[in-house]
Each structure stands twice: as C-alpha cells, then as structure tokens.
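Visitor: As you go down the protein sequences, you meet chains A and B in turn. First residue of the first sequence: 1, per the numbering used here; consecutive thereafter. First residue of the second sequence: 1, per the numbering used here; consecutive thereafter.
Treat the hints with care, since some could be wrong.
[Unchecked claim] Residues on chain B that point at chain A, a partial pick, calculated with CB under 10 Å:
#1 85
#2 86
#3 89
#4 120
#5 129
[As the list claims (entries may be wrong)] Here are some of the chain A residues that sit facing chain B, going by a computed Cβ distance under 8 Å:
#6 314
#7 317
#8 320
#9 321
#10 330
No lab work stands behind these hints: they were computed from the structure. Treat the numbers as computed from the prediction; the structure is a model and nothing was measured. Using N, Cα and C, we set each Cβ at its ideal position, and we do this for glycine too.
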Amino acid sequence: MAPGTIRLVRLLCAAGCAASLAGACGGSAPEPIPQPETPPDPCLLPTGEPGSAREVVVVAARPQDSAFIAPRQPEPLIRLSCTAAAQPAAAQSWTSDSAGRTWTFVLAPSTAPISAPSVAAEWTTRPEAATTLRQAGVESVIALDEERLRVTMSSPSDSVPPVFAERTLSFVTDSLPQTGTTFVLRRPESADLRDALDAGADILRTEDPALAEYARHRDEFVVHPLPWSRTYLLIIPGARVELDGLIQGDDSAGFRAALARDAVHAEARGAERPYWWDGLGQCPGSDSLSRPRPRVLVDSNAVVFAAEDAVARALAERVVALSDNPRISTGSIPQRFLDPALSAASARAYVVAVPRTPLLPCREIATWPPDPRIVPLIDVRESAIARRGIPRLTVDFDGRIRPVEAP
Amino acid sequence: MSFRARLFFATCIAVLVPLTILALGVRREINRRLTEESRRRGEAAIGALGTELARERERVAARLGALSRDLMADNRFRLAAIRGDAPSRAYLLDWASGAMRISGLALLQIQDSAGRILSSGHFRNEYDRVRPELPAFLERTGDTPALARVRTADLPLLALVTAERFAVAGRPFVLVGGIAAEDRFLRRLDPDPELAVALATPDSAGVPGVQAETVGALAVPFLDAMTTAIPDSARLVVTRTSATLAALLRGLNAWFLVSLAVTALLAVALAAWLSRRISRPLTELAEKTAAIDLDRLDQDFTAERDDEIGSLSRLLGEMTARLRSGALRLREAERRIAMGDLARQVNHDIKNGLVPIRNVLRHLEEVARDRPETLGAVFEERRLTLASSVGYLDTLARNYARLSPAAAPEACDVNAMVAEVVRAVAGGPLVRTRLADGLPRAAADPLMLRRVLENLLGNAVDSLAAGAGEVVVSTESAARDGRASVVRIVIQDSGPGMTRAELDRAFDDFYTTKAGGTGLGLSIVRRLVLDLGGALRIDTEPGSGTRATVELPAAPGGASR
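Chain A extracted, bound-state conformation (with noise of 0.2 Å):
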C-alpha cells in the first residue's frame, strides 16, 4: 500500500468519526470539534526546528555508528522507518497483484540514471544480491520499461516485503539530502561518551544506561529511546541433549525480565514474542547456503560469546552462574570468529544477538547449528542522545539517523 493511500485512509477515518461523535450529541450548537492528538512520531527527535541547516557533530564509538550518518548512503527501494513502517526511497511507490506475490516498484527521478534494467541486471549478477533474493524467495526480477520494476515473491505478502530495504539491494544513486545538515563525524578522544558529551558532541547512540542517565541529567541534551532493536539468545546446539539443564531457572516472561533488570548493564527488557524464527520452516535455497567453516577453536564445556560484546558478556556469565555444572565456564572469541563458531556446534552453547525484526530471517539463521534449542533471553535498545536545537533528526529502522526535510 502506497504512502499516500495511507494517508488518505487516516484522513477518512479521521473524518468519519467526527462525524459520528457530532450526530451523537445532536441539536445543541456545535462545539469546536476536538481535533485528535497526533500521536508523537517515536521515530523523530525531539531536538529542533526541521529543515534548519546546520554543521552536526556525531560521534562514533563503535565502527558501525559511522555508516548510519555517511553523506551517501547506498539507497535501498524502500526504507523502513524506526518502527518498521515502509516508506519511499529509491521507489517513489509500489503496487502489488491481488495475490500479494508480484510487487510493481516506480523508481524515483531522482534515481537517475540508475534505471530498471541497471537495477534488475544488477541484482541478478551481484551474488551478494544475488543470495539476499534466493534467500528471500525472490523468483523473478523483470523491467517492465526504463522506470518500472517486477518483482515476484514465492509466497505472498500483505505489505511490501521489508527486504527491499535490504542494505545489500542498495545501489548509490547521485541525489544528494537537500536539508543543508552536515554530518562531521568525530571519533571520541577517550573511553568515557561523557567526555564526548561534554566536549561539545551533538549526537550519538548509546546501551549504556549510564550514559543516558549523565545525559538526563543534562538540560541541553534530548535522550530518546530508539525501537527495540536486538533480541539476546542462548543458542545450544542440538545434539547435546544434557545440556537441557544448563539455565536452572525457568524460561518464563519472569525469567527473561529478572536478566533483563539484574544481568545486563543495558537498557533491557525480557525478550517478547513474537520470535520470528519460530514456524520460519525451510529457507528457501537452505541447502544451497555457503556456511563459513573456519576452524575456530573453542572449549567444548564454554558458554561462547563474542568478546566486543558486554551485554553478551553478562548474559554468559549469568547463564554460567545459573549452572551448577562446575566445568561449564565462559569463552570469548572476536565477533568476527562467531559466526564460524556457532557453525562449528562445538561448544555448550552461545550466547548471540540477532536482529529483533530481521529483513531477512533465513540469512540471520544460516550460520546457527542444525536442531538447536533456542532460548531467548533480552531484548535491547539504544537512545539516541541528542543536543537541543539541532535540526530535527529521525531514525530509520536499522538506525540510520537521517535529517527531517523542511515540509
């Protein structure tokens, strides 16, 4: 469904029912018909005036806060906005067929001069493209003319399918933003983001409550909690049956929410349905799937975890401490070694981080050991810390902070 049908629907609903509220009170003088509170957008920051241009220093703690405010970014056709709500990006709009299996994307002007045909070329010889279609059930990608995209899914869908969101579908168009904002992008002189913050920064992202908690504390900065974003789970690979006994404590809504208030120095919550995983049945393709099989050495008696993350960290430990298995201990290995780990199944059990609503499922699955036992444990958000007065900000759904163009 198109944008502007969206908003139409809205307009009618909004105009039917008050409509409705007045022929209910009839006969007396019509009073100022109350207009509905527009529910605050939580994908926008609260900071400043929108459109106003102005230079904006971010600070990127951590190498992936970098790509969220490069100056040009790869487009995707659509983008999803901070609760995952599609919205026109490379595609100025989409249609589908009644059976929600062929999808009709309009590129842009601004596009140009990417093209449908470059577009649909480009997509079946990329193999990283290549692979996101197969894995998302993609069968055909065709141009219907220079501006035109068909594009026909294994299996229906109600909405667009989020993975023409997907980073790996992107392709650089020339447009530029047209707000006049500038990102300068600073890398913070200590460990400390207080010092950050205090040395002038305009905005950055954080899971350290701490940290929001010195930025509240801090009239000039505007802390705002972007969506929930990751979901923490202990991974044990299949075969180890006895392993059943590694968490003592129950699996309850209970359970999760203890680790997410006592385990975690993050802003947490127990992990929520739905899990997405759950009936995700055969990826498409699965068989087919290159598995990185580096050997990577761990203890078999090991929780493993990645080593560069903290809240992992403690989930790990916890798990740990919950076992009365003496040998069972933690083991950290670099990030870029767990996936070959987890792969491997050599270990008690991982603890990982998945996306909390992936844009494609069976990718994030495809390194996991076959039969696991899945126990989610956390999820987990960022705030974005943001200096009052700087143009108004909005987050999109993988966290990209992007400026409000002036209406």
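For this one, chain A is given, so just place chain B on it according to the hints.
Guide: Just chain B now, with coordinates in the frame of chain A:
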C-alpha cells in the same frame, strides 16, 4: 727421554696433581656447604611462610572490616538488602565489583544469613545463588589462614580467604573476601628467592618441576567450593629448585675448569721454563765437555754459580786444567819418544843413505888400490850413485829440519800470508779465498805459519782428484770463550774426506795416505799450531770433504791489510 723432558713432565705432575686435588676438594666442600645452606634456608622459609600467610590474611580481614563498616553506613545497601528497594538493586549487584577493585581484592561477596549471594565482585552474575559453604568453612577455621577455590565466570579462582560478619537492622550478613593465591602471591610469600613455594591442593600434586626438591610443607585449611564443598587441607610446599643449585654448581665447575686450565697452561709454561733453565747449563757443560780432547783443552768452565752446577763446572774446569797439564807432559813425553823414534829413524835413514856411499867409497878404495888406472872411469861410473845418495841425504836433512823449528812469534798479517801461499799453488786446482776485512794480525812465527798453511793447503790440493773440485781458504776474526780474540783460518776442500779411523791416525807421525807422502804433514802442523798457542781442528766425513780450522791468538795492535 731426555733429562729436560723428564724435568718438564715432573714439574707438570708436581704442579697439576696437587692443584687438581685441591680443586676437587674445594668444589666438593662448596657443594656440601651450598646444599646445607639451602636446607637451612628452606627450614627458615617454612617458618616465615606461616607468618607471612597470617599477615596476608590479616590484611584481607582489615579490608573486609573497612568495607563492612561502609556497608553498615550505606543507605542504598540498606534499602536494597533490607527493604528490597528495586531501584537500589542494581547498585547492590554492582557494589561488590566496585568495592573489589578499590580494595585490591580478587574475591568479594556479600551473603545474607541464608547463604544467598547478594553481590559478588569476582562473579558478578552469580547473584541470588545460595552458597553458604564458604562462610561456614571460614567460621570453622577462625583466624587460621584458609584457602578456597571458588567459581568465576571463566576460570576457577584459588584465593586466600577470610570473612567478616556484620549486621544491618539486626539482620546478619557476611562479607567474604580474598586475594588470589596464584604464582605472584606465592612468590610474595616466598621469603627466599632461592626457594619456591607451590600450592598442592588435594586434587593436584602442586609441586612444580622435576628438578625441585621439597624442603618442607605447611598445611592450610582448604575448601573446593566448586566441587565437593568438603573442608580439606592444602599444602604450601617449599621447594628448592635444584636447577638453581645446579646452575650455581655448573658455574662453579666452569670457573674451576677455567682456572685449572689456566693454571695448567701456566704450569706447563713454568715447567718448560724451569726445565730449560735447569738443563741449559748442563747442556752447555756437556757441549764443552764433548769438545775436550788432548788437542783442545782450552775449554772455559769458569762459573759464577754457587750451586751444584757451578761446583760441577768448576770441577770440570779443574779437571781440564789437570788434563791440560797432563797433556803437556804427555806431549813432552811424546816429543821425547818421537825424538827417539826420529833419532832412530834418522839413524836408519842416514845409514840407508850412507850405505851406497860407503859401498862406492869402498869400491873406489879397492879400485885405487888394485887398479888405479881405472879409478877415473870407475868414479865416473859410480858418481851418479854418490850424487843420488847425497841428494837423498840432503832431502832427508831438509825434511827433518822441518820438524822442530824455533818459534819466534810476531804480529803476522794472516791475509797476506794466505794470499802468498795461495799464489804459490797457482796453476793447479781452483783455490779461492774469502779473506775478512779488518782481520787482526795473529801472534805467530811467520815461518811456522807459512809451514802450517803450506801443509794444510797442500793436503787440501792433493786431496782433489785430477784437479776436480775446489779449495776455499777463508779468514775471520772470532772470540774464543767470549774473551780473547783469535784469528781463524779455515781451509775447506771438496775432496773425498776421511773416515773416523783415518782421522784418528791423521796426526800420527809418518802416517800418510798419499803415495810419496812423508806422513809428517799434519803431525808437524799440529805441533806448530800448538807451539804458536793456537788450536787445530779437523772436521771431515767421507764424501763431504775436509775442513781444517786453525785458530791463532790475535796479536795486540792493528789489523791485517
């Protein structure tokens, strides 16, 4: 084996054997003392170990006391632990981690009266687990230092632990703390760097290294909170690393070997020097003694030494003097005997020469008596016989006249004399001269010297077969025995030389190997040279020619031309 070699080896043995025995003895004694010292230090270390362990426990207890006082005054702890205040719970969970870092402990835990962990520093996320074993164990051990192995998220932690009990709002709590009992801790306990302290828990030997020798052990209460949770006992084992002692001994041996080698070299050098120094005078005496014969009794055995060698040298000198005196007497006796022989020979020869004359005279007497008219003819007939006999006698007289000239020494120009004699034999075999410049004049009778040169040069020239080969006459100045200057004349021929037997008889009168020789040449030469106060030496070997050396005393004054 020569005396010098024997002396050398004897010196070496005399020096090296005692030195080696001394080195081995010293090494053994040092080894024994090192071992004994190490044992004493080990025993002392056991005592110090217990003291240091108790001191470490006291330090931990002091820190726990301070922390417990802070907790009792801590409102947030009170809110979380007593009232269950949710916002303060995170503070409580993280309290032990921060306190552990600040206090320098490796293990810190708060438990309530039921053994439930309220906060843990070494294993932050073991909160709410019930582990009463460790506080109970520490209550039993009291003030005795105790060790415990506890669980952490990754590796087990072995720690020296103690507990501090306190109460808040009437509710009891226990604070368990400790420091890691790892290698650094054990090294800190070790009062002696030469020793090593190892921890032996019930499930491990704990004694490191095959080269370690146990000196002693200290029992310490131990709890393995990870497995059995049954109080047991661990041992702090003090070992002496034999590697250290072995290294020390290796160094000692190395230095001993080096010093032994150096000493051996010095001993060898000393032995060589001593043997050379001791044997050299003997060698010189032997050489001088070997040079003594009746014709050469002028060896100088004067010695300044006052030792046995000096005495021997002086004895040899006295003996040589007696020999010289005896030789003079013998020579005189020989002379007299020779004169007798000569007289008899002269008598015989004259008789031989006179017999034809007597016969001719008797014949002429008979002719004059019986046939006077033929006397002229007969005389003419027998005149040749008379002339021949007279010639023979004349020759005989001239030969004998050469035997005993009267010496009249004067300063003779030896080079001029040699040149003149050599000119006299010109036209025969090749005779070359190498005359030294500035040669001193010799104190000699010119006639006697000429006869000496003529005889020796004649013998040399006659020794050359058919004119082949050459004769070299050389002169030089030399010092005899380092004192008086002499003029040396050497006549070297390339003739057949002589055997030892021939040389032994060469000086005998009338011994000759030449056809027509008188056998008086060398005999006369020897007497003439001795009469001139000189020396004559003949060096010869068959096939190597003959070398005649005449040494005459130099005359005081100028040199030859």
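Visitor: Indicate, hint by hint, whether the structure satisfies it.
Guide: Status of the hints after comparison with the structure:
{"no.": "1", "hint": "85", "in the structure": "violated (13 Å)"}
{"no.": "2", "hint": "86", "in the structure": "holds (8 Å)"}
{"no.": "3", "hint": "89", "in the structure": "holds (7 Å)"}
{"no.": "4", "hint": "120", "in the structure": "holds (9 Å)"}
{"no.": "5", "hint": "129", "in the structure": "holds (6 Å)"}
{"no.": "6", "hint": "314", "in the structure": "holds (6 Å)"}
{"no.": "7", "hint": "317", "in the structure": "holds (4 Å)"}
{"no.": "8", "hint": "320", "in the structure": "holds (5 Å)"}
{"no.": "9", "hint": "321", "in the structure": "holds (4 Å)"}
{"no.": "10", "hint": "330", "in the structure": "holds (4 Å)"}
Violated hints amount to a single one, hint 1; each of the other numbered hints is respected by the structure.
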